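Asks: Below, each chain spelled out in residue letters.
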Amino acid sequence: MKPAEVRHTNGMVAAAAELICAEGLSKWYGSRAAVDGLSLAARAGEIVGLLGPNGAGKTTTLSMLSGVIAPDTGSVKIGGLDLASNPIVARRKLGLVPQSIAIYPTLTALENLHFFGKIQGLAANDAARCASKLLETVGLSDRANDIVVGFSGGMKRRLNLACGMIHSPAVLLLDEPTVGVDPQSRGRIFEIVEAAAVSGTAVIYSTHYMEEVERLCCRVILIDHGHVVAGGTTTELIALAGSAPRIDVMTRDELKPGWCDGIGRAVAFADGARFGASLELAALDQAPEVIRRAERAGGEVLEVHLHRPNLQDAFLKLTGHALRDSQ
Amino acid sequence: MIRAIFLTLGKEFRLIGRDRVGLFMLLVAPIAVIAAAGFSLANVYGGQTSVAMKSEIAFLDDDHGAVGRAIHDALADSKSVDLIVAANRADAEADVRQRKQAVLAVIVPAGTTDSLRRGENPKLLLYTDPVKYLQSARIELMLAELARSISTAATHDARARFAAESAELRDQLEHARSAADRARADAEKLSSESEHERAQMATHLRTEVNDSMADARAFVSAALNAAMTRLKNELDHGEAQQRAKVDELKTYFTRLGEAQNQFRDWLAKLQSLAGRHASDIPPPPAIPEPPKDLSAFNPPPIDLSTYRAQFERAINLPPPHIELPRMPAIPAIQIPDIPHVGLANASIPGALGYTEIDLGGQEVGAVGGFNAFDLQVPGFAVTFLLIGMLMGVSLALLDERDWGTLERLRSVAAPFSATLAGKLFARFVVGFLQMVVLFAAGWVLFGISLGRAPAALMLPAAAIAFAGAAFGLVVAGVGRTRDAVLPVGAIVIMTMAAIGGCWWPIDFEPQWMRQVALALPTTWAMQAFNDLMIRQLPAASALVPSGIDVGFGILYLIAGIAIARRRFAA
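If you read the sequences in order, they're chains A and B.
Sequential numbering from -13 applies to the first sequence in the working numbering.
Sequential numbering from 333 applies to the second sequence in the working numbering.
Just so you know, these hints were derived from the structure itself, not from any lab.
Quantities reported herein were computed from a predicted structural model and do not represent experimental measurements.
Glycine included, every Cβ here is placed at the ideal spot set by N, Cα and C.
One thing to keep in mind: the hints can contain errors.
To give an idea of the interface, some chain A residues facing chain B are shown, with a C-beta separation under 10 angstroms as derived from the structure [to be verified]:
id, residue
1, 41
2, 52
3, 83
4, 89
5, 92
6, 104
7, 105
8, 146
9, 296
Next comes chain A alone, as it looks inside the complex (with noise of 0.2 angstroms):
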């Protein structure tokens, strides 16, 4: 392991070693590349965003380095293991959140985490104990014995990122953790994630949040088409594709022709009974021209918003806006 200067979530910096590192993994399925040449590395401590659209193959990298799929090309070292030749070993260092709740719905919280930490190696007693000490941090304490098929979405979700971490796993990687989960869920399972990378695991987080990756990763790489697009902080990534804010306004009546002549191209939409129109801004500062010229030509500002560039417009601009479908 190599150490390499790593900045945390809570901005602290420090010598660290790659848990995890890809080399070149490609996965084809047929002529289609799922995954081609892609290559990645997290470092303890470290909270990896994997960003991309559907299809973009964040599944299918996370299950090469997972080792449930093996790639057609490529290596992935857990810990300095080669997952290949030792995959036993080297699983033990790995813990995987699926997207989907891979969890048994008929039995309790506490039978699937004593499950999956005893199949993970822990000995019962361990896994009791983890057990009982991860179901008070993800707050299913109260529901232990319960049959998970009577949890909430939000309970499954946290019991399943438990279900990964049962075993203090070295690299954890978490494929949309918060799919369909209510903030309060989702706020839990940052605190989670966050503190595991405090403790010294390698995350790498795939979500399609923007705001997910914003808050949790110090770094993100954006793939698509099994491509590795981009790379780097979220900032850099916002600077890299070179976003420009803008403002949406609605009003009671419908805005003249040039009206925002002078602050750029406005243009117009409808919204039931209201009017409003969008425009990209040079500068942030421009804003309040923008409403007030609103006021005038539309007779009320009924309502504004401003959209600050972020991670999504960085997002866009490099994968495009044409829609994707998982493949």
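Dock chain B against chain A, hints included.
Replies: Chain B only, in chain A's frame:
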């Protein structure tokens, strides 16, 4: 690896235990289907079940004789028949064809009993419903057996009467033969006695004759003695007189001789005197010489004793040989041998029937059949075992894939083969226990036979559970989704069960289908179960079919692992 297998095993047991629908499908559904199929088909297979299965039969007795009564009583006593007594033929026919109340109607025509007694071939009339063919066939079999029993009984009766009459005739002949023997014995006795009497009579006669002869001899002797005495006296007197005469004659001759001597002297003197002429003198006449012996003649005394002896000899006859004429022989009374006329020689032909003897040597009746549940319990147990495997292995693997747990399991520190092995082993154990429970339920609820060695049933049960679990893996690998696995698996399982003889005896199937069935594990499982339960063969009979099922299981396992590795590892 082993730890992972057992962890998976424990997890699977928990999952199965919490899966109420699955448990229902494993245990309750089979029993419900077995009950439905068994009760429905009990009449087809003919055996007795623990629950009475009754078919309604309309019955009309126009005969009013022994045959009608016998059929009525037999049907009424049958546990499988509910008898509806019809008022007339139209009513009986309506029970079957209009009201559809009865499976068939049995009419015993008038005069059936008399016709049968006359040695004719009377026929019963049946009104049937073609839709109820199987039930009708079953009842017709029963009626055929009943008719044969009645005919046999009639034949037995006739033969018994014949035998009784033969016995009586034989007794009479025996009596006649005894009488003849006695007569012969009496005749021989009479003959013997008469012979004896005849001998005695002869002896008596000889005695009497001898006595009479002795008396006669004595009398004759006495008379002879008297006559001899008198004769002797007379002879003595005549002798005396004769002797006196002889003496006189002797005296005469003596003097004659003396005279002759004197003459010769005279002559000699004369010749001498005649000189020359002496030659001319003729010789004197010869004086006859006196009898030479006269002098010596002394008439012997007449000895009458000689005559007496002759007389006595004459009268002393030898004892008479008295032989009575033989009695005419008593003619031999010849009694012809009278053959012993028994049942075996009865001239009335018997009725050809049959009785089934199972492999245990027990008679199971003319139309034995078997408890339908002996077929349905193992058949549907195997069917639901395979369905359980479809759900427990195929769908469960897909579920795990859909839930994501399979993905997670593939990422854990245990080989995927351990996961598969644990799942298959768990399903094998559950399938085996399912078979045990269903057989136990079948035994308790439906009275199925567990064969000579109930423990032997575990062998094919384990073999088909293994083959089924491995087959579930193949199905899971073939079907990509639940929607694919369910119809494909269901069709394959239903086909395997049907062709393999799980739902009906495999012998119902055409030859080509039975050939196809040899390639199915269900066929061999059912063969083993049928051998053990219905045919009552020893435990060893299950070895080969169970071994074949294990072979199928190994093949399925190899194919299933190969397919599943590609399908679930991708």
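Asks: Look at each hint and say if it fits the structure.
Replies: Right, here's what the structure says about each hint:
1. A cut of 10 angstroms between beta carbons decides the hint on residue 41 of chain A: the least distance to chain B is about 16 angstroms, and the hint is violated.
2. Nearest Cβ of chain B to the Cβ of residue 52 of chain A: about 4 angstroms, under the 10 angstroms cut. The hint holds.
3. With its C-beta approaching chain B no nearer than about 8 angstroms, residue 83 of chain A sits inside the 10 angstroms limit, and its interface hint holds.
4. Interface restraint check: residue 89 of chain A against chain B, minimum CB-CB distance 7 angstroms, threshold 10 angstroms, status holds.
5. Because the beta carbon of residue 92 of chain A sits about 4 angstroms from the nearest beta carbon in chain B, less than 10 angstroms, this interface hint is met.
6. Interface hint status for residue 104 of chain A: upheld, as the beta-carbon distance to the closest one in chain B is roughly 5 angstroms, under 10 angstroms.
7. The interface hint given for residue 105 of chain A is met, as the beta carbon of that residue sits about 5 angstroms from the closest beta carbon of chain B, less than 10 angstroms.
8. Proximity of residue 146 of chain A to chain B holds as hinted, the smallest CB-CB distance being about 8 angstroms (cut-off 10 angstroms).
9. Annotation: residue 296 of chain A was flagged as interfacial toward chain B, and the flag is violated, the nearest CB pair being 30 angstroms apart, outside 10 angstroms.
Of the numbered hints stated above, those contradicted by the structure are hints 1 and 9, listed in ascending order.
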